[in-house]
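Kindly produce the complete structure, drawing on both the sequences and the hints.
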Amino acid sequence: MKRRWGARADSADGNGDGVKPSKKVDRDDIAGGDAGLRRGRLDGLLGFHLRMAHVALYRDFAAAMEDLGFTQKQLAVLELVAANPGTSQIDLAAALETDRATMLGLVERLEERDLISRQPSETDRRRQELRLTPLGETRLAEARAAVDAHEARLLKHFSKGEADTLIGLLKRLYQE
Numbered sequence: 001m002k003r004r005w006g007a008r009a010d011s012a013d014g015n016g017d018g019v020k021p022s023k024k025v026d027r028d029d030i031a032g033g034d035a036g037l038r039r040g041r042l043d044g045l046l047g048f049h050l051r052m053a054h055v056a057l058y059r060d061f062a063a064a065m066e067d068l069g070f071t072q073k074q075l076a077v078l079e080l081v082a083a084n085p086g087t088s089q090i091d092l093a094a095a096l097e098t099d100r101a102t103m104l105g106l107v108e109r110l111e112e113r114d115l116i117s118r119q120p121s122e123t124d125r126r127r128q129e130l131r132l133t134p135l136g137e138t139r140l141a142e143a144r145a146a147v148d149a150h151e152a153r154l155l156k157h158f159s160k161g162e163a164d165t166l167i168g169l170l171k172r173l174y175q176e
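Here the sequence shown stands for residues 1 to 176, where the numbers follow the UniProt record's numbering.
Be careful, since some hints might not be right.
Unchecked claim - Straight line, CA to CA, 16 Å or less: simulated EDC-like cross-link-like pairs of lysine to aspartate or glutamate: (1) K73 - D91; (2) K73 - E108; (3) K160 - D148; (4) K73 - E111; (5) K171 - E97; (6) K73 - E97; (7) K73 - D99.
As the list claims (entries may be wrong) - Per label pair, the in silico range of CB-to-CB distance: (8) L173 - L80: 12 to 22 Å; (9) K171 - P120: 20 to 30 Å; (10) E122 - F158: 42 to 52 Å; (11) S117 - E97: 20 to 30 Å; (12) L37 - A163: 21 to 31 Å.
Bear in mind the hints are in silico, worked out from the structure with no lab data behind them. This structure is a prediction, so every number in the text was calculated from the model and none was measured. Note that the Cβ used here is the ideal one computed from N, Cα and C, for glycine as well.
Below, the structure is given as structure tokens:
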């Protein structure tokens with residue numbers, strides 16, 4: 001029996017990557033196993049494999065978050081605010097390598113859901129400090145449990161050492 005990856009999720013997550021989270025996809029299809037096409041040169045391209053891995057990861061994440069209603073970006077913002085109480089939207093945008101306008105929209109949506117609060121800084125009135133609300137802390141704890149299950153599904157294909165190596169190698173692509 002083939003393992004199924006993915007499920008329905010809110011497509012208006014601002015992800016902009018063209019992945020359709022509502023389509024159920026077989027893991028073999030993601031790898032190109034059932035498409036009937038030779039991959040040719042693509043099979044040797046890192047970017048191709050990163051993209052295909054992203055599709056699989058995104059769909060599984062969307063399924064895991066379906067009931068909680070979080071996108072990857074929203075959850076990343078909540079995690080960063082939890083780890084850095086009082087951080088600013090500008091700092092979050094830089095950390096997630098996104099533009100300020102996108103971050104403003106993310107923060108506004110999370111604030112509308114009463115998950116984070118914005119307060120003027122006592123030392124710099126131009127700066128808005130972000131903090132989790134009590135509801136935000138509760139929802140983040142729920143999301144963490146779903147993320148842990150998501151990560152376990154993904155990492156079951158690797159030993160602990162392989163997973164650590166993979167994460168280290170991926171970090172080298174974007175950290176300098």
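Structure-based check of each hint:
1. K73 - D91: holds (14 Å)
2. K73 - E108: holds (13 Å)
3. K160 - D148: holds (15 Å)
4. K73 - E111: holds (14 Å)
5. K171 - E97: The hint holds at about 14 Å.
6. K73 - E97: Distance of about 11 Å is within 16 Å: holds.
7. K73 - D99: Holds, at roughly 12 Å.
8. L173 - L80: 12 to 22 Å: holds (20 Å)
9. K171 - P120: 20 to 30 Å: Violated, since K171 and P120 (Cβ atoms, about 35 Å apart) do not stay within the stated range.
10. E122 - F158: 42 to 52 Å: holds (46 Å)
11. S117 - E97: 20 to 30 Å: Once the Cβ atoms are compared, 24 Å apart, the range 20 to 30 Å for E97 and S117 holds.
12. L37 - A163: 21 to 31 Å: Holds, at about 30 Å.
Hint 9 from the list above is the single one not met by this structure.
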